[in-house]
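Q: Can you build the whole structure from these sequences, using the hints too?
Protein sequence lines correspond, in order, to chains A, B, C, D, E, F, G, H, I and J. Mapping to full-length UniProt numbering: the first sequence position 59 is 59, numbers consecutive. Mapping to full-length UniProt numbering: the second sequence position 111 is 111, numbers consecutive. Mapping to full-length UniProt numbering: the third sequence position 33 is 33, numbers consecutive. Mapping to full-length UniProt numbering: the fourth sequence position 79 is 79, numbers consecutive. Mapping to full-length UniProt numbering: the fifth sequence position 69 is 69, numbers consecutive. Mapping to full-length UniProt numbering: the sixth sequence position 132 is 132, numbers consecutive. Mapping to full-length UniProt numbering: the seventh sequence position 35 is 35, numbers consecutive. Mapping to full-length UniProt numbering: the eighth sequence position 119 is 119, numbers consecutive. Mapping to full-length UniProt numbering: the ninth sequence position 51 is 51, numbers consecutive. Mapping to full-length UniProt numbering: the tenth sequence position 28 is 28, numbers consecutive.
Where hints are given, some of them may not hold.
[Said to hold, decoys possible] DEER-style ranges, computed between Cβ atoms: (1) A:Lys-49 / I:Ser-6: 48 to 58 Å; (2) B:Gln-7 / A:Lys-49: 57 to 67 Å; (3) I:Asn-136 / J:Thr-24: 15 to 25 Å.
Source of the hints: derived by calculation from the structure; they are not laboratory data. In this text, a Cβ means the ideal position worked out from N, Cα and C, and glycines have one as well.
Number of protein chains: 10
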Amino acid sequence: MISCRSQVTQMIVSAKVRKSLKWTQVAESIGMSKEWTTAGCLGQMAFDKAQAETLGKLFELPDEAIAWLQIVPYKGSLPTSVPTDPLIYRWYELVNVYGSTIKELIHEEFGDGIMSAIDFSMDIQRQPDPKGDRVNVVLSGKFLPYKSY
Amino acid sequence: MISCRSQVTQMIVSAKVRKSLKWTQVAESIGMSKEWTTAGCLGQMAFDKAQAETLGKLFELPDEAIAWLQIVPYKGSLPTSVPTDPLIYRWYELVNVYGSTIKELIHEEFGDGIMSAIDFSMDIQRQPDPKGDRVNVVLSGKFLPYKSY
Amino acid sequence: MISCRSQVTQMIVSAKVRKSLKWTQVAESIGMSKEWTTAGCLGQMAFDKAQAETLGKLFELPDEAIAWLQIVPYKGSLPTSVPTDPLIYRWYELVNVYGSTIKELIHEEFGDGIMSAIDFSMDIQRQPDPKGDRVNVVLSGKFLPYKSY
Amino acid sequence: MISCRSQVTQMIVSAKVRKSLKWTQVAESIGMSKEWTTAGCLGQMAFDKAQAETLGKLFELPDEAIAWLQIVPYKGSLPTSVPTDPLIYRWYELVNVYGSTIKELIHEEFGDGIMSAIDFSMDIQRQPDPKGDRVNVVLSGKFLPYKSY
Amino acid sequence: MISCRSQVTQMIVSAKVRKSLKWTQVAESIGMSKEWTTAGCLGQMAFDKAQAETLGKLFELPDEAIAWLQIVPYKGSLPTSVPTDPLIYRWYELVNVYGSTIKELIHEEFGDGIMSAIDFSMDIQRQPDPKGDRVNVVLSGKFLPYKSY
Amino acid sequence: MISCRSQVTQMIVSAKVRKSLKWTQVAESIGMSKEWTTAGCLGQMAFDKAQAETLGKLFELPDEAIAWLQIVPYKGSLPTSVPTDPLIYRWYELVNVYGSTIKELIHEEFGDGIMSAIDFSMDIQRQPDPKGDRVNVVLSGKFLPYKSY
Amino acid sequence: MISCRSQVTQMIVSAKVRKSLKWTQVAESIGMSKEWTTAGCLGQMAFDKAQAETLGKLFELPDEAIAWLQIVPYKGSLPTSVPTDPLIYRWYELVNVYGSTIKELIHEEFGDGIMSAIDFSMDIQRQPDPKGDRVNVVLSGKFLPYKSY
Amino acid sequence: MISCRSQVTQMIVSAKVRKSLKWTQVAESIGMSKEWTTAGCLGQMAFDKAQAETLGKLFELPDEAIAWLQIVPYKGSLPTSVPTDPLIYRWYELVNVYGSTIKELIHEEFGDGIMSAIDFSMDIQRQPDPKGDRVNVVLSGKFLPYKSY
Amino acid sequence: MISCRSQVTQMIVSAKVRKSLKWTQVAESIGMSKEWTTAGCLGQMAFDKAQAETLGKLFELPDEAIAWLQIVPYKGSLPTSVPTDPLIYRWYELVNVYGSTIKELIHEEFGDGIMSAIDFSMDIQRQPDPKGDRVNVVLSGKFLPYKSY
Amino acid sequence: MISCRSQVTQMIVSAKVRKSLKWTQVAESIGMSKEWTTAGCLGQMAFDKAQAETLGKLFELPDEAIAWLQIVPYKGSLPTSVPTDPLIYRWYELVNVYGSTIKELIHEEFGDGIMSAIDFSMDIQRQPDPKGDRVNVVLSGKFLPYKSY
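A: This is the structure in structure tokens:
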């Protein structure tokens, strides 16, 4: 009996290691970006029927798990509110150090409102650099103005 | 007597409102990016002597405050570990929802290590879009491999 | 020197008590709803120039405070993450008890996405009832579907 | 051996996915609203004997589980005090941003007291809108005045 | 300028010590119980105009403070979520040790619902006892049944 | 193997539902109050040998569990420091809203010291009331004066 | 205006440094132990009138402060729930490492109940030792048996 | 497979209840104090080979568990940072109420440094008293001066 | 099915106790330092294929576990944000007591930036000393200057 | 009136910026290491009379402040239990990532006990390196074995 999506995430993560799959391969198999696909496989997005069935074959999941992949999960992928993992912490630190700056500059350009985390996409690329390659990340989120009424 | 950098930050923020300055103007005055300049003015970066003096004039700061702008501040710009402000929270949410994805994809491309938050830059731009303009943010951080020894 | 919006909020709250004003009067003075106006006066929304000047007269605020009313504030009106005030706690309790239900029913009707708290309005009314009058609240938020990419 | 209600909730959630049921169907089966029924199935309300037996058939639950459905559960449906799921967080954010406003306006209209979260009902509906459909939620709670003595 | 009720609470507490008043005297002056009166003076209840004026004279408060006493305060009288003071902690401990018992016995007698903390009164008395006097506290709260709909 | 009292509590709670027992019946079986008996069965008190054996028969517990009922448990019956369950939360709220009042009035009557939560008893009764029945709770705790030395 | 005991504590601590007093001298001046006296001066105990007046002269306190010394304070002398100061932390660590042991051994000797922290005294002495002097602390608390009823 | 010391602790605690052993007997079996022995059995100290084997026989532990008893455990015996159990809480309360006093008096006698919790021993005894027996605890810790360099 | 690295860590820790291995032996077997090897075995570093296979033989791990050893783990080896274990707490205390000092001195010597915890190594040695041997730890981290842009 | 050491720390920090002093100069003035001196000036150590007077002249402190420098402070230099400043956080991260490793290796070499943070010294040096200079830190702490008794 599967009673929550995180059990399916564990099955996927376990199969990925056993079968030495790469997230880019997984993404290609369903024709979506590697960022959205990985987030979905890690329990943060819902898949449509065709995608779920393709993933089910790739990861050799039982039918019940394939059904779960189409259910909207309870989101949030971190075990603690301040992440302990150094790679993820650096992102938390960016929000902490630059958070007030981001707020000021978006408001200066757009007025009161937010950058959407829902109508949102992300692209992560290697940027070659003679002084050491860089991780280049492009975040794109729709600006949503606060409604006054 | 000024005994911590946050008193200077308050003076700057207060002067900016009183004098209706924009962060982009402030950045131009010292010839740096709007992102780094704003972060510095909000108490997250240290300025060199010339920058500090220019800012001192712009914001009409006392000499003691100009000295403080050259001191490395205790960083972290948020009052709570989970931010309450909706704009900043959306960024925290991104780290929460996409954190494990970012980790997986950077490790898949680069191996064990992190994306630096120190050798780092950020660029925030308006991206016109007929369905509603978007906030476009480019983050660039050097990849730092974990040393094995 | 005013260095943050909460000082202005204190001035407003203090003046409101001293002058025995009602929030509905305040809202009428600027021609907006009582909900949005009160939220703005309590430091959760930004006003335009005309609104800020009207409020400045009503609450007898200094010019510097009127400038601050036009700045987007750092939002979040509660002193603790779990509110202690019984009236506000009941709302927190609703989110706690009904949170998973709201999630299930919105996803069942709309698919993956959220109910916006930005493109949002709220209307609070007294609903007469012989067994004891009721508080009737209508919340309206745009549905925002999660983007897949 | 079932030793707490959450085990029954897991059985229900698991059966719902396996059998592709909808909450509206579940609600119809017992003749109650979709909001109250879903909350009950997710472990936040107690059912009477007839309701519990109907649900037992629908979800193919063992007799012990049907007995548990009639027991008042330990309520609270969120795993953390600040919810990480974006849909539920938006509601937490509403309480945070509008909490003090709600408090002010209810007190202005009714005096000291609270809006009951017990003598309470909720109705969630889709509101068609050319600019994007909206989620419309009506909350109705009895006003309870503070007793002075 | 008084900008929150807690400033008035401090004035009252300070005057009470300076003038060696007793809470029972204060309660008599406004003709209410000592429990409700003390809670009000400590910033947990709102007074009507006559009560506020009587208290204003007793504690020699300025007019602005008397206006504040008629405003519903932001409630919650403890500085930390788990109280450090030994006397108050014992009550927290009672809730912790007996909380599940209270829940079970009220549900067994009344069904699903709560004991109101709003339509509520409390009476604290000394109960002479040869083995050492006891504190006797009677709590009376209306039972509010959960509404099903 | 039973390695902590909470396993026995789960056995008892499970048996109580399966066998439709009431706490008042359980209390009668051992000749103690319903409050103390329930607290004991929920893992907050230790039973003597005769009581434990009677309970063992009533709940059909194994011998090992009967031995555990005679061991003093690690007390505290709530899963979080601020309880999420609405019924129990109302009690936490009473401590929060009335905590400072209780402290003031006990000190005014008795001087420095506490109301014992150990030499303590509680009695919960239904109090019929035409406006809605009330929960009446009598708490009795020995006053313990702070020792000065 | 003094509005809480901690202001008096600051006056005492400040005067003690300015006048180079020792706690043992302070204790002698009122004829009590150094442990109880220090706790009282640090805002954890209430003094009687004679003691308060003696301390008032010793620390040159205003009359209002002397009145406050006779009021039972809100107790708890640590700024965080886990103390950061190394000396005090070692005591917290003792409770953490030995807490379950203390519980087991007191219950084994006395049955269910507690060691009182109210009917309690403490004596701190230097114990000479050739391998390095030791701090010797004797704690004496009345055993209070849990009441069964 | 045993993968952490706490599994061994559970075996010991379970065997102790099953076999009705007392901690004083356990301590005698290895010739150490009851305080240190109990702490060790509860997973706070490491035993030598002979002690571990004796305990293994007494509690009928498997060989793997006996090996684990000789490994230094991850210490800390409380499930929450503020303990909920009333007996242990009283000790936490002592640290909270008397913490600053202990700090002041040790520094007054010894200068800057700490009382060791490592080079430490504890002795718990019953002290007969006509007004009710007392728990007498002697704590002895080496004073360690802060090194200046 | 292995679904996270911590299951492998448990297998390693369990095998190490069963087979009485030492970390220095484990380190020698793969030709790396004892510090990095231990961190890796405890789930904080990723191994290459050859290292993982050697460790697999040494600890008699299944193939699936060997695959997991080559995956970058979610790092962070402590169960609570403030560690309870006395040895590890002393290190936390160092950061707490000396943290601001370390910050000041590194900035004084190097300017704004950090000491890397990624391009980092650590060496732990016994330093004989007639007054008691000392633990000598050398930490070496690359200085990374904050980028200004 | 100075009522706690942190006021003196603010005076020192303020004077250091105003007078452009360096910590190495401060250390030389009292003939102690830069690490211990800085920690002391930042409120973590107590100075002797001669040191305090020298520092008083250097920082132009009032006599009352010089008296406070000789008092043992309440230690702990970080405003939050998990530090937000990136430089200090890296040290917290080291404890988190390497904490269990440090524990294992010290126990393997020394047996049960701790590395003292009291009988402790620290030396921070620049280590030139063609690939980027490194921060080299040597920590030396006496090993303290756990006493068994």
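Q: Hints first: check each against the structure and report whether it holds.
A: Hints, verified against the model:
1. For the pair Lys-49 of chain A and Ser-6 of chain I, the supplied restraint of 48 to 58 Å is violated, since their beta-carbon distance comes to about 34 Å.
2. Taken as a hint, the range 57 to 67 Å holds for the pair Gln-7 of chain B and Lys-49 of chain A, whose Cβ atoms sit roughly 59 Å apart.
3. Roughly 24 Å separates the CB atoms of Asn-136 of chain I and Thr-24 of chain J, a value that falls within the hinted 15 to 25 Å.
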